[in-house]
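K.L.:
Protein chains in written order, with my numbering: chain A, 52 to 192; chain B, 402 to 589.
If you are wondering where the hints come from, they were derived from the structure by calculation, not from laboratory data.
Beta carbons are placed, not taken as given, at the ideal position from N, Cα and C, and that holds for glycine.
No false leads were mixed into what you were given.
Here are the simulated distance ranges between beta carbons:
no.: 1; chain 1: A; residue 1: Leu146; chain 2: B; residue 2: Asp554; range: 28 to 34 Å
no.: 2; chain 1: A; residue 1: Pro84; chain 2: B; residue 2: Met438; range: 25 to 31 Å
no.: 3; chain 1: B; residue 1: Gly587; chain 2: A; residue 2: Glu175; range: 34 to 40 Å
no.: 4; chain 1: B; residue 1: Asp413; chain 2: A; residue 2: Pro171; range: 26 to 32 Å
no.: 5; chain 1: B; residue 1: Glu427; chain 2: A; residue 2: Lys71; range: 39 to 45 Å
no.: 6; chain 1: A; residue 1: Glu175; chain 2: B; residue 2: Gly534; range: 20 to 26 Å
So, partial list: chain B residues that the calculated Cβ filter (under 8 Å) puts toward chain A:
no.: 7; residue: Thr524
no.: 8; residue: Asp554
no.: 9; residue: Arg557
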Amino acid sequence: MANPRRRVTYEDLLKVSDTKVAEIIDGELIVSPRPAFPHAHAGSVMSADLINAFHRPPGDPKGPGGWWLLNEPELHFGADVVVPVVGYLWIVDPLLRLIEVYRLDGNHWLVANTFSGTEPARIEPFDAIELDIARWWLDIA
Amino acid sequence: MKPARRHATYDDVRDASDLVVAELIEGDLYTSPRPAMPHARAASALGQDLRSFDGPPGDPDTPGGWWIIFEPELHFGADVLVPDLAGWRRERLPSLPDAPAVTLPPDWACEILSATTATLDRTRKMPIYARNGVAHLWLIDPTARTLEVYRLDGERWIVASSHGGSTNVRAEPFAAIEIDMRRWWGER
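For reference, chain A alone in the conformation it holds in the complex:
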């Protein structure tokens, strides 16, 4: 990851190639390659599972609903530009087949739960349904 040591601006971010993901974290420009297959697969299947159940108006009979869910939204927090979310944070490692769930507690992250393997799981804040996490992992023989 390239992280030059001067405070960068949004103009610098706009110059990054469309084939990369660019973020500004504490004034540093962080440029990441587009995700490899295990990452893209986990992200795609996970978002399909969650969007199908939760990206609906509240009270929709087809799912618990009540959320807007977006893939890779660009978020601006003051001068920082980062790409994931707040309140809850999931770190999903498709190679280790590991899901770490953090919940915001005051201004600290608290480890709410950790899941691994292929057993169906109920994961905050989407614990209204059981998620078949085995579908998220790509079988690489």
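Given the structure of chain A, go ahead and fit chain B onto it with the hints provided.
P.N.:
Structure of chain B alone, referenced to chain A:
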């Protein structure tokens, strides 16, 4: 990582080969290979970095007040865990027991992550450390070059701080000194 045996007992830990680290977690026997070089280097360098804490309290020149031990065998009820390093405040453990294992939970434990042990460390060992009141836990990933510092809050882990790359860090409970993480990664 799959257990080597389910419904195991301490006899299985004793019978395990000396070439592996044997642990017993909720009745499952896990046997991990001896650490590879990046893992061993990180643990060795960290042990040296914490040298000034490993001594009696009250020395004006060093922070002191801790026992820092490599790969101690910890007994929490029927569970047997072996962290890469652990530390006890000497006010809680005035002298080291002359025994193969310790039942008093440490005040600090450190796990060096590898691809084979990271899931075990995060999903099974972290909750056991929390239940037994270990106040601080460090997870060091020599591949990602990160340090995660967790502090116990009740029976939950909160992220106290996280650090990455080739920098100096101050991290609780050893924030009295600055540590050069480059030594952990074998860069110096």
